[in-house]
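Student: As given, the protein sequences belong to chains Y and G, one line each in that order.
12 is the number of the first residue of the first sequence in the numbering used here; add one for each residue after it.
1176 is the number of the first residue of the second sequence in the numbering used here; add one for each residue after it.
No lab work stands behind these hints, which were simulated from the structure alone.
One thing to keep in mind: the hints can contain errors.
Under the rule of at most 20 Å between Cα atoms (straight-line distance), these lysine to any residue pairs were calculated in the SDA-like manner [stated by the list, open to error]:
#1 K1529/G x I54/Y
#2 K52/Y x T1480/G
#3 K56/Y x K1539/G
#4 K47/Y x N1477/G
#5 K1532/G x L49/Y
#6 K1529/G x T58/Y
#7 K1420/G x D68/Y
Each chain is listed here by its residues.
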Amino acid sequence: MKSSNLSSKILLELKKAKIDDEQIDNVFNISLKQLKTLESKQIPKNTPSSVQDIFSDFLTFNTDD
Amino acid sequence: MIDFKSISEIKSLVLKNPNSILEIVNDVVDKLDSIGRTLNAVKYTNSKFSLDQASKLIQEKQYDLPLFGVPLAHKELFQRIQDNGIGWPNEAGSKSREGNKSDQTAEVISLLDKAGSIDCGRLVSVEYAFGVTGHNEYAGTPKNPWNQNYVCGGSSSGSAAIVASGIIPAALGSDTGGSVRLPSAACGLVGIKPTQGLISRTGVFPLSNSLDTVGPLTRSVTDAAKIIQIIAGNDYKDLSSVSVKIPEYISEMEKGIQGLKIGLPKNYFLEGSDKGVSENTLNAFRLSEKLGAKCKEINIPNIETANDLNMLLISTEAAIAHQKVALERHHDFNQQTLMRILSGVFTSPNEYEKLKKYRIHFIKEVIYKVFDDLDMFIAPVWPCYLPSIKDSDAGASKEAASIVKRIGHNTRPINYLGLPAICLPTGFDPNGLPMSIQLIGKPFSEGLLLRAASSLEREYNFWDNKPNI
């Protein structure tokens, strides 16, 4: 199991809580896979700051249309 | 007394004799305590509270209230504190919260009270609302009224079982990755997952701050429209809440499906679903065209990773909210819930920020491309025929993660996009369990979704089917 410093710290916490080793491996691997998906994503600089902002802009765009 | 009756039918009945509300409420609470508990679907009833609420309503004679005398019950995540300070159970389906009481009344529950409904209790949720099959070791796994060997789907499983049993016409649920739509589809109900920000989550037990939404499960499109008409609206206490003009959903609905532009995604949804499920969706698409909708095939860009990223966002935010109790009381958790909460603790603060920011970018990219010349698109809800309780009980096995991922294949991407969706029953699978489709619209287009769903509902006429309990 490879991990960053943060993950090592959390893994230690999980072990201290006496959570089953197999369970810890399982959750760590799920997380790792999903975080890899995230890592590959690019975000343009002009991305709005919230979902509400996009929805408001979209409603205006649709009304103007 | 009110078995399988619609909101309008119940209202007509009680207006003829307002005092009959007391008898109706007694009957509903009795059925929740008998049929409901046999189905493992009921968490809590309080007949004294419900009868007091009914008596007050009769005395006040506000006959024009939209839900005058209509009995309801809701998923156990919705808090209530009585005027005398006594809080209803607030255990979120988990032994880790055993004995926990509500310290407030959820905003949507207050709105339903003001509309004249009678609150008859709380219905079983999957632990922390974190599950798609409906299994719950602590509270009991709700049984599907159409065949009690089958799941109700999760996480609003108790709400679905009780409405499908015809005991009440509507119940509220919450939907973070499909938790209104999956149970609605499993039990032959209409379910609405609203646009993010349309309906308040104040006083509702949280799973994921970015993704949680509240919606109704009903037997008809009209009843779903009536409930969201009451609970939609801005709430300053909920930071995700958006101030938009709420349309008259019932009059919107009556305009019909003609002229609406409906898409069928060529990629992802049908590809990831079993053949019978895809055919059912394709049939609904063809029926929409026959009824006058303008239909075309579409592509949804980069949708393939939305399920994974939605799961990561839920786990990360669930860990932020609940990791302390998960670590301290891990023996009191179902192994699968524990596994899913703890998988979120590995997301660093920077990754969490990126996760939220990428979602915003993704939503922008998709909604402008997909809805440029389209009102809504159609997709399956479950990717497979409904599994039995036994076959889908994966616990914390290594297969659990892939089962959970697969079941939410068609629903989680919609939460990730923050878009509204309505689930509509269409018929039965070869095992005699309900099948459904979902219509997904642009932000705040619940009115258009209700229009299309109402026209399709008339054709499918699922309403006439009743489970033999």
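Student: It remains to establish, for every hint, whether it holds in the given structure.
Tutor: Hints versus structure:
no. : hint            : verdict
1   : K1529/G x I54/Y : holds (8 Å)
2   : K52/Y x T1480/G : holds (10 Å)
3   : K56/Y x K1539/G : holds (13 Å)
4   : K47/Y x N1477/G : holds (16 Å)
5   : K1532/G x L49/Y : holds (11 Å)
6   : K1529/G x T58/Y : holds (12 Å)
7   : K1420/G x D68/Y : holds (15 Å)
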